[in-house]
Amino acid sequence: MSILEVKNLKKNFGSLEVLKGIDFSLEKGEALAMIGASGSGKTTLLRCLNFLERPTHGQIIVNNKVIFDADDNKSLGDAQIRKNRLHFGMVFQSFNLFPQYTALRNCTLARELMAKERPDFKENKKKIMDEITAEGEALLESVGLKEKMNYYPHQLSGGQQQRVAIARALMLQPDILCFDEPTSALDPELTGEVLKVIRGLADRHTTMVIVTHEMKFARDVSDKVLFLDQGTIAEYGTPEQVFEHPKEERTRQFLERYFED
Amino acid sequence: MMATSPMESLSSGFIINIELFFITLLLALPLGLVITFCSMSKFKPLKWLSRTFVWIIRGTPLMLQLFVVLYAPGLLFSMPMNSRFTAAVIAFVINYAAYFSEIYRGGIESVSKGQYEAGQVLGMTKTQIFFKIILLQVIKRIIPPLSNEVITLTKDTSLARIIGLAEIIMCAERFTKQGLIWPLFSTAVFFLVFNGILTILFGWIEKKMDYFRV
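Line by line, the protein sequences are chains L and C. Taking this note's numbering, I'd label the letters of the first sequence as residues 21 to 281. Taking this note's numbering, I'd label the letters of the second sequence as residues 7 to 220.
Isolated chain L, as found in the complex (with noise of 0.2 Å):
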C-alpha cells in the first residue's frame, strides 16, 4: 500500500507553468530521492506536499485518504491546511531555526503548544511537558547534539543547525520527511554530518522525500529517484536503473554534467 500518492498536480505562478502534472506514488519506509536542474520544479514541489504552496490542480494522497483536492473546496480550509500539512515534516536548505530558542525548545516548542490545547493539560501539565523534553532531548542526542542542547542556534555550526532541525521535525512524527537540498547551504566539511543522520535515518527506514545536489548521495541512499526536468518526471525508477541506465537522452545529458566533474 501506497503511503504517498500524488496524482495529476499542477502549480502556475501566473503564466508560468512550473509543475504540468505530476504523478507518483510513494511506498511506507521508501526514501525517494528528487533531482533535476535548477527551475525543475523539485523545489515547489516539495513545498506543495507542506502546503506553502497550494497546487493549481491535482490531489494528494496519504494513507489512501485525501488530504489535498485542488476541485474540492472543504479541503482548503485554513485549519485543515495545518491539521493536513502535519503528514509532513519539513527540513528546510537554510534551517530557519528560531534564534530566541535553544536547541532543545526549538525541538519542543511545536508539540508543547499542541499539548495546550488537551482537555486534560491542566491537570497533567508537568507529567505531559517532561515527557516533550525528555522525547525532545532523545532526538537531540540521536543525531549526536546531546551536549549542545542548551545552546543557542547562533552558537551552532550550520551542520549542526540542521541536524537540529531535523529532530525538529522528526519531533511531530511525520508520515513523510522532506528535506529540501538539506545540504545546499553548508561548507563542503559541514554536509557529511548532515548526509550521515538521513542516511541512518533511511537505514531505520523512515519515509522520506529528499532534494538534492548531492547524487553520489542520492544514489547511495535512496530507494527510488524521480528526476524532474521543466515540470514533468523525465524518469523514475530505483537508483541503478536512473543513474546506470537511464532510458531518456535529457536525463543522461543532465547526470553527465554532474558526475564529469
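Simulated from the structure, these hints should not be mistaken for lab results. Given the structure is predicted, the values throughout are model-derived calculations rather than measurements. Beta carbons are placed, not taken as given, at the ideal position from N, Cα and C, and that holds for glycine. Don't take every hint at face value.
Partial pick of chain L residues on the chain C-facing surface, computed with a CB cut under 8 Å [stated by the list, open to error]:
#1 Asn70
#2 Arg102
#3 Leu106
#4 Met110
#5 Phe112
#6 Ser114
#7 Phe118
#8 Pro119
#9 Gln120
#10 Ala130
#11 Met134
#12 Tyr172
#13 His174
#14 Leu192
Computed beta-carbon distance windows for the label pairs [as the list claims (entries may be wrong)]:
#15 L/Asp150 with C/Ile21: 50 to 58 Å
#16 C/Lys132 with L/Thr252: 29 to 37 Å
#17 C/Lys214 with L/Met21: 51 to 59 Å
No more than 20 Å apart at the CA atoms, straight line, and that leaves these computed lysine-lysine pairs for PhoX-like [what the hints assert, rightly or not]:
#18 L/Lys136 with C/Lys132
#19 L/Lys103 with L/Lys85
#20 L/Lys244 with L/Lys48
#21 L/Lys27 with L/Lys85
#22 C/Lys138 with C/Lys53
#23 L/Lys27 with L/Lys40
#24 C/Lys138 with L/Lys136
#25 L/Lys103 with C/Lys132
#26 L/Lys30 with L/Lys40
For this one, chain L is given, so just place chain C on it according to the hints.
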C-alpha cells in the same frame, strides 16, 4: 507674576514636557502598530490610505501640525480646541505614531519568510507564529531605531511652546526677557539627565536580548 525662582519655574515647566512625553508614548506606541497593520494590509485602499497618511505626517513639520491641530477644529467645524495641552498631545501622538509605524514595518518585514514557514510546517497557527516566533525578533530589531525616536521625542516636546504651552523653554525665555540668560542655558541639564536615564534604560533592554542573534 515672576515671584517664583528660576529653578522652580523651570522644574514646573519640565513637568509639562515629561507629561507630554509619557502620554505621547503611551498612545503612539500602540497606535503606530495599528497604522503598521493598515500599511501592510492586503486590502489595497486601506494600505494606500495609511501610506498617504504617513507620507503627509512625516513630510510636514511637526510645528505646523501643532498649529493645525490647535486651529483647524475651530475654523473648520466651529469646535474650537479649548485645551492647548490636549492639542499638543493629539499632534504629538499622530506624528510619533506615523514614525513608529515605519519602524515597526521595517522590523516585521526584516524577519525572513523562512521563520513563518518553519512555524507553518510545524502546525502552528498564525497567532502562535506571530507571538511565539516573530514578535521577539521584531522587538530586538526595532529597539535601536526606537530608542533614537524616543530620545528625539523628549526634545521635540519643547516645540509645544509654539502653541503657548508653558513648557521648560518657554518658562526660561521669560527670564531671558528680563535680562537673565542662565535659566535658558540650564534647561539643557534637564534634557541631558532625562535622556541619560533613557539611554541607560534602552542599553539595559538591548543587553537583555543579547542572548540571541537575528
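Now for the hints, and whether the structure bears them out:
For L/Asn70, the suggested interface contact is upheld, since its CB lies about 5 Å from the closest CB of chain C, less than 8 Å. The beta carbon of L/Arg102 is positioned within 8 Å of a beta carbon in chain C (closest approach about 5 Å), and the interface hint is therefore held. Because the beta carbon of L/Leu106 sits about 5 Å from the nearest beta carbon in chain C, less than 8 Å, this interface hint is met. A hinted interface residue such as L/Met110 counts as satisfied when its beta carbon comes closer than 8 Å to some beta carbon of chain C; here the least separation is about 4 Å, so the hint holds.
Satisfaction of the interface hint for L/Phe112 is found here, the shortest Cβ-Cβ separation to chain C being roughly 6 Å, below the 8 Å cut-off. Interface restraint check for L/Ser114: the shortest CB-CB distance to chain C comes to about 6 Å, inside 8 Å, so the restraint holds. Using the Cβ-Cβ criterion of 8 Å, the hint placing L/Phe118 at the interface with chain C is satisfied: the shortest such distance is roughly 5 Å. Given the 8 Å rule on beta carbons, the hint for L/Pro119 holds: about 5 Å separates it from the nearest Cβ of chain C.
Against a cut-off of 8 Å between C-beta atoms, the interface hint on L/Gln120 holds, since the closest Cβ of chain C lies about 5 Å away. With 8 Å as the threshold, the beta carbon of L/Ala130 comes within range of chain C, its nearest partner Cβ sitting at about 4 Å, so the hint holds. Below 8 Å, beta-carbon pairs count as interface contacts, and L/Met134 has one with chain C at about 7 Å; its hint therefore holds. Residue-level restraint check for L/Tyr172 holds (minimum Cβ-Cβ distance to chain C is 5 Å; threshold 8 Å).
Against a cut-off of 8 Å between C-beta atoms, the interface hint on L/His174 holds, since the closest Cβ of chain C lies about 4 Å away. For L/Leu192, the suggested interface contact is upheld, since its CB lies about 6 Å from the closest CB of chain C, less than 8 Å. Distance hint check for L/Asp150 and C/Ile21: the Cβ-Cβ separation is about 53 Å, which falls inside the suggested range of 50 to 58 Å. At roughly 34 Å, the beta-carbon separation of C/Lys132 and L/Thr252 lies within the given 29 to 37 Å, and the hint holds.
Between C/Lys214 and L/Met21 the Cβ separation comes to about 54 Å, which falls inside the hinted range of 51 to 59 Å. Taken as a hint, the L/Lys136 and C/Lys132 pair is honoured in the structure, with Cα atoms around 16 Å apart against an allowance of 20 Å. Taking the CA atoms of L/Lys103 and L/Lys85, the gap is about 13 Å. The hint holds against a cut of 20 Å. As the CA atoms of L/Lys244 and L/Lys48 are separated by approximately 12 Å, the hinted pair is consistent with the 20 Å bound.
Restraint check for L/Lys27 and L/Lys85: satisfied, since their Cα atoms lie roughly 13 Å apart, inside the 20 Å limit. At roughly 26 Å between alpha-carbon atoms, C/Lys138 and C/Lys53 are farther apart than 20 Å, so this suggested pair is violated. For a cut-off of 20 Å, the pair hint linking L/Lys27 to L/Lys40 stands: about 11 Å separates their Cα positions. For the hint linking C/Lys138 to L/Lys136, the alpha-carbon distance of about 14 Å falls within 20 Å, and the restraint holds.
A C-alpha spacing of about 13 Å is found between L/Lys103 and C/Lys132, which places the hinted pair at or below 20 Å, so the restraint holds. Of the pairs offered as hints, the one joining L/Lys30 and L/Lys40 holds, with about 5 Å between alpha carbons and a cut-off of 20 Å not exceeded.
This entry does not satisfy hint 22, going by the numbered hints stated previously; all others are met.
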